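S.K.: Construct all of the structure, not just a fragment, from the sequences and the given hints.
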Amino acid sequence: MTRRGFLLSAGTTTGAFALGAGVGVAANAAVALRADTAVGAATVNFYGAHQAGIETPFQAHGVFLGFDLKRDTTHVMARRMMELLTDDAARLAQGDPALPDNDPYLAEKPARLTATFGFGPGFFTKLGLSSQIPAGFADLPAYRIDKLVPEYSGSDLVISIGSDDPLTLAHAVRQLTRTARSFSSIRWSQKGFVRSQGVAPATQTNRNLFGQVDGTINPAPGTEAFAGQVWAEGSPSWFAGGTQLVLRRIAMNLDTWDKLDEGGKEISVGRKLSNGAPLTGVHEFDAADMEAKNSAGLSVIPDFAHMRRARTDNPKEKFLRRPLNYDDGILLDGTSNSGLLFAAYMANIQTQYLPVQQRLVDLDLLNTWTTPIGSAVYALPPGCLPGGFIGEGLLS
Amino acid sequence: MHKTLVTLGALIAGLTLAFGSASAATAHSELEGSVPAQGSTVSTVTELVLTFGEAVVPDYSTVVLANSAGISVELGAPTYDTTATVMTIPITSGALPNGDYIAGFRIVSVDGHPISGEIDYTVAGSDVPAFVVPTPSDSATEAATQGPVVTDGTTETVTLTRANDGPNVLVVVGTIFAALVALGLVTVVLLVAIRRNRAKATE
Ligand code: HEM
Ligand SMILES: [Cu+2]
Chain A
1 MTRRGFLLSA GTTTGAFALG AGVGVAANAA VALRADTAVG AATVNFYGAH
51 QAGIETPFQA HGVFLGFDLK RDTTHVMARR MMELLTDDAA RLAQGDPALP
101 DNDPYLAEKP ARLTATFGFG PGFFTKLGLS SQIPAGFADL PAYRIDKLVP
151 EYSGSDLVIS IGSDDPLTLA HAVRQLTRTA RSFSSIRWSQ KGFVRSQGVA
201 PATQTNRNLF GQVDGTINPA PGTEAFAGQV WAEGSPSWFA GGTQLVLRRI
251 AMNLDTWDKL DEGGKEISVG RKLSNGAPLT GVHEFDAADM EAKNSAGLSV
301 IPDFAHMRRA RTDNPKEKFL RRPLNYDDGI LLDGTSNSGL LFAAYMANIQ
351 TQYLPVQQRL VDLDLLNTWT TPIGSAVYAL PPGCLPGGFI GEGLLS
Chain B
1 MHKTLVTLGA LIAGLTLAFG SASAATAHSE LEGSVPAQGS TVSTVTELVL
51 TFGEAVVPDY STVVLANSAG ISVELGAPTY DTTATVMTIP ITSGALPNGD
101 YIAGFRIVSV DGHPISGEID YTVAGSDVPA FVVPTPSDSA TEAATQGPVV
151 TDGTTETVTL TRANDGPNVL VVVGTIFAAL VALGLVTVVL LVAIRRNRAK
201 ATE
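These protein sequence lines map, in sequence, to chains A and B.
Reminder that position 125 of the first sequence reads as 125 in UniProt numbering, one-by-one numbering, no gaps.
Reminder that position 115 of the second sequence reads as 115 in UniProt numbering, one-by-one numbering, no gaps.
It should be emphasised that the hints constitute simulated quantities derived from the structure, not laboratory data.
Owing to the predicted nature of the structure, the values given are computational and were not obtained by experimental measurement.
Check before you lean on any hint, since a few could be wrong.
Said to hold, decoys possible - Over the 12 Å line for every Cβ pair with chain A, so calculated as not near, a few chain B residues:
#, residue
1, 70
2, 103
3, 113
Claimed, not checked - Derived CB-CB ranges, DEER-like:
#, chain 1, residue 1, chain 2, residue 2, range
4, B, 94, A, 147, 41 to 47 Å
5, A, 196, B, 90, 55 to 61 Å
6, A, 228, B, 76, 41 to 47 Å
C-beta: ideal position from N, C-alpha, C; glycine also.
M.R.: This is the structure:
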């Protein structure tokens with residue numbers, strides 16, 4: 001049996017188990033073992049019209065790797081790099097080792113591994129491809145709320161890797177880094193996470209380290225709204241089916257945040273901490289009543305509330321938020337070193353993202369506890385088919 | 001703060017109970033004083049002055065003023081003393097006519113703590129002519145709309161003029177309740193509002 005065939009049959013068995021459990025069949029030890037390995041065996045198809053890892057439901061763990069092209073990298077070398085990276089990513093996604101792989105056994109449990117590639121502004125300029133820069137794609141302007149550090153900002157290339165298993169992820173990071181480093185140098189790596197598989201229903205909205213339900217208002221995968229917000233149309237043509245990524249590392253001061261009482265925390269966003277419902281509603285997905293006033297005549301969802309500032313009725317200013325939490329341990333003074341790897345995906349940064357970000361810069365009570373310390377933008381090419389490679393439209 | 005975000009529903013359900021628990025839940029009382037003071041009766045009011053225990057962040061301040069009919073009174077931009085603890089908010093139209101008023105405020109202190117509350121006071125002995133509510137067909141198209149006391153669906157926007165003056169002398173744009181039920185509830189709100197010593201910080 002090939003590795004692939006094995007995985008497929010494992011998947012089928014798991015499916016049957018789930019069905020059995022659903023109708024109340026008692027699980028025997030053998031079946032329980034299968035369930036134990038279901039998370040590890042699960043795969044996400046690497047190939048397709050769009051790159052994996054964007055419309056893919058959150059994996060528990062993620063890493064963003066930033067690389068800068070070596071000074072003398074040519075168009076041909078960049079193409080070679082993307083061919084090799086594509087090959088690595090496709091193999092690892094189905095639980096096969098990269099070629100070569102010194103630790104092949106670490107590839108065996110993909111746990112929905114995806115690797116997603118994107119090009120920063122420097123990728124285009126260094127390779128003489130400025131004419132191919134997608135519409136609306138450019139570095140963000142400097143914002144007064146920003147305290148950016150170079151360790152987390154910018155790069156010519158990004159590889160975003162996700163998996164439900166941190167060991168698999170670490171292995172994939174290493175394999176892809178080794179390939180990329182033949183052509184580029186690593187600039188930074190940033191690790192993040194959400195809840196582990198099986199802890200909460202897969203459809204449940206994540207929480208961030210402020211304890212907030214974060215991700216309620218987002219386009220649903222597979223919908224027209226998602227496609228309209230996220231996937232670019234053909235300008236330039238190589239970019240059709242691609243998307244643009246804004247990656248912001250936003251420090252969240254958990255220590256000052258926790259000095260607020262629950263009411264103060266809720267009013268800073270306009271939603272309840274318990275279930276993410278708007279302050280004017282009961283359930284998470286209730287529509288917020290932005291006009292509602294309290295007995296003193298004040299807006300229930302204040303003018304400074306994050307959601308009032310961020311929300312829009314303009315479909316052309318919406319986008320996908322797919323943030324991961326980061327928690328880099330406790331600092332020596334006992335304070336937190338935590339925040340969001342705020343990742344937003346959209347067809348056009350300029351028209352969709354900038355207006356929203358500007359409103360939040362101008363006024364947002366959450367800014368009291370949050371500080372952007374890293375910032376980068378990337379153009380993510382469309383997906384490819386077997387035999388092709390990511391970025392082929394640009395580099396062929 | 002929602003413990004005191006008393007909804008119409010809660011009002012209907014049990015007024016006394018709702019307000020009683022609101023006072024009990026007061027966690028931060030950082031409004032140190034105001035002019036007019038909570039529960040006071042005054043003759044001339046041309047501005048509101050709020051004094052807080054801690055400096056406030058001007059960007060985040062909101063103050064609204066409404067009279068007993070639920071008509072909102074237009075306020076100018078707040079100014080602050082050098083310590084940012086004393087906030088002065090001019091009343092755009094100048095001195096207020098007689099009546100009962102509710103000022104709602106929401107500020108954020110420099111530590112990021114949002115505080116809100118209301119100040120209820122009465123103007124008596126003012127020689128300013130009372131507000132007149134013209135028919136809805138005179139509706140103003142301009143400016144407007146800090147909301148009134150409460151909103152509950154059907155509302156409409158009208159322009160208010162003083163009884164003795166031409167229509168342009170004073171333009172206060174507000175929202176009144178279209179439904180009788182809502183008007184009744186406003187009265188209830190005010191009855192409760194008259195209770196003394198109720199400058200409550202609600203967040
Ligand atoms: C650490 C930083 C941030 C935190 C903790 C945060 C948290 C939240 C929370 C709790 C919500 C409400 C639930 C939801 O709809 O997901 C929300 C909504 C939202 N946030 Fe943020 N956010 C942060 C940064 C940003 C940034 C940088 C942007 C974009 C520039 C942004 C854009 C939005 C948008 C568009 C919504 C949905 C608003 C709506 O339509 O109701 N957020 N955020
Ligand atoms: Cu405080």
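S.K.: Hint by hint, work out which the structure violates, then give me just those numbers in ascending order.
M.R.: 1, 2, 3
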